[in-house]
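Q: The chain contents come next:
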Amino acid sequence: MTAGAPALRTALRDAALSALVAFGLFVALIGLKLVPTDQGMTLQTRPWALAAIVVAVFVGRLALLGWRAWRPPGTAAPGRIAEGLTHAGRLVGPVFLLAALTLPLYGGRYMIDVGILVLTYVMLGWGLNIVVGLAGLLDLGYVAFYAVGAYSYALMAATFHLGFWTALPIAGLLAACWGVMLGFPVLRLRGDYLAIVTLAFGEIIRVVLINWTTLTGGPNGISDIPRPTLFGLRFVGSGDPDTFASFFHLEYSVTQRFVFLYYVILALALLTNWVSLRLRRLPLGRAWEALREDEIACRALGINVTITKLTAFAMGALFGGLAGAFFATRQGFVSPESFTFIESALVLSIVVLGGLGSQLGVALAALVMIGGSELFRDFDEYRMLIFGLALVIMMVLRPRGLIAGRTPSVALGKRREIAAELVAQGRG
Amino acid sequence: MTAPLLRLSGVTAYYGAIQALKGVDLEVHQGEIVTLIGANGAGKSTLMMTICGTPRARDGRIEYDGTDITRLPTHEIMRRGLAQAPEGRRIFPRMSVQENLLMGAHGRTGPHAAASAEEVFALFPRLKERLEQRGGTLSGGEQQMLAIGRALMSRPRLLLLDEPSLGLAPLVVRQIFGAIRDLNRATGLTVLLVEQNAYQALRLANRGYVLVNGAITMAGGGAELLARPEIRAAYLEGGH
Ligand SMILES: Nc1ncnc2c1ncn2[C@@H]1O[C@H](COP(=O)(O)OP(=O)(O)OP(=O)(O)O)[C@@H](O)[C@H]1O
Ligand SMILES: [Mg+2]
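If you read the sequences in order, they're chains R and W.
Note that the first sequence covers residues 22 to 449 in the numbering used here.
Note that the second sequence covers residues 1322 to 1561 in the numbering used here.
Any given hint could be a false lead.
Stated by the list, open to error - Taking beta-carbon pairs under 8 Å as the criterion, some of the chain R residues facing chain W (in silico): (1) A318; (2) S370; (3) L412.
What the hints assert, rightly or not - Which stretches of chain R does chain W cover? Using the computed rule of at least three CB atoms under 8 Å from a CB of chain W, they are: (4) 304-312; (5) 321-333.
By construction, these hints were calculated from the structure, which means they are not laboratory data.
Just so it is clear, CB atoms sit at the ideal spot from N, CA and C, and this is done for glycine as well.
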């Protein structure tokens, strides 16, 4: 090919530039390391690690460019993957559900623990998805509702000795009330302005939690939150008749409690999913989606925009609150540290990565991000780096999220299949 | 004469400190097609939206079917038999054609909505072929059909149409105007039509109003307005 030489030259230049950028990024991050010694700290240089990364970036960039150039035209890979994922969705969903339901059978204690964590974020993702994905209201302070749920539960359980199953719905409802309270002042805001106000709201809640020492214990938080019970059966090894182990004449093991917690959060997450899916088929859910698309058109069609927005905030907050209550009972301890902006950002990135509005996408994103960062726990110092890199790669490959397609929620009479490829073409 | 279906008297509307409507009087009778013409920025769209309650009329009174709707919330106004296909179509781009239509049906689904949809398809067969397609991928003309169809899903008595011909080829414009006339003849639907395309609008309409800087300056029968030299000079030069 005659065009080969110049193309190769531009590719080489491009790769060299990438390598240079990588060098600039990593020269201090990887190339230097502070090592504690007897005299204090010394700066160690790690030229080889740095060189390896720079070379990897160079080769990787070259490979990427080569792949782009040699890929036969018309096979836009991301599009293919997208369609594949959307179609496989019908199969993947049930498979994941089955895997989740049976996890305690094949997974050890560690895996169950990770499962609980992942499911908590799946639930939070689905909850926030109602607000952001369906109603299109960008909420950067979702952690506020998580915090309200957690503290409500903690206070009710530790102070008033309410049982888990009584306190759980109350905590959810309280969070929903806060959702409405946030909703009112921001009714007229959209986009960036809404994002900033919700961000502030999240911070306000956290600051109040830190400073209202008499109620919340301030930075020390609330400890000794009672563990949940199964119809009054406790998960302890005391051998009393009201413990789970002695009631069922089992050998006591800590795993029982973990398995129980696992199924509680699985049930809560599935409830969230079920409610979201139901609502999407109801006029309210359709109104949320219409609101995301065009608020003025909604008004012109006689949709009550106020109610629509408030219910979206309330529903999102409700599930955030339930997840918070679960978090409190699982940890047995809550403190403001658990409710920083990073949590909001994490949940929001799960929703965005999953493909706004897609239930399965959100679940997959939570699995990858939370499960993945658990996997990389051993590489603690690089965790955020890998995490950031994954985000960037994802956004380059699939700018609309893992599962970007959207299936219509209602049909007039029978569904017709003719226009499937037309639907797929849509750029939302 | 019977009481008008829609009556505006002395209606003013503001965007902040800017007065967009300066005391508008306008009547639309049952079964009529009334058109509102005027230059860009005259306040036509504002008038249409004010009837629906956003922005709210500051002074004056808006009556629909004999009741005062001036202070009602928008969603309640729209449930009394008015429907609007707003300026710029404003269909829901990521939702399918059927979902778009259903959004116009005031939350109703099932046989009731299906029957309304059949009526829309009779008017715009093109929509029926594209039920599952995303609204945003329709052509401009199809989107306009969808916007009108969506407004018709609630079976309104009064249809407010804001520039249905915006950006469409002459042939499609004729098709859409034809559909409006058919609807009016077949079902007695009352229409208030805002148009830049003054010639066609005035030919279609029973009566017309001319809006200049937020106030009505002229009113009369469609043919009568078409014949006026000042109308010809201001809105029809350039020929059709
Ligand atoms: N949301 C708004 N905020 C402030 N001013 C507005 C707003 N909407 C319209 N206006 C102003 O009100 C006046 C009337 O606007 P309107 O949209 O009603 O005009 P129009 O007659 O529909 O024009 P066109 O034929 O171009 O659609 C214009 O001067 C416009 O700039
Ligand atoms: Mg206008």
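Q: Please go over all the hints and tell whether each is borne out by the structure.
A: Hint-by-hint comparison with the structure:
The interface hint given for A318 of chain R is met, as the beta carbon of that residue sits about 4 Å from the closest beta carbon of chain W, less than 8 Å. The criterion of a C-beta within 8 Å of any C-beta in chain W is not met by S370 of chain R, whose closest approach is roughly 21 Å, and the hint is violated. Nearest Cβ of chain W to the Cβ of L412 of chain R: about 24 Å, over the 8 Å cut. The hint is violated. Given as covered by chain W, the segment 304-312 of chain R passes the check, having 5 residues with a CB less than 8 Å from a CB of that chain where 3 are the minimum.
Under a criterion of three residues with beta carbons nearer than 8 Å to beta carbons of chain W, the stated coverage of the segment 321-333 of chain R is upheld, 6 such residues being counted.
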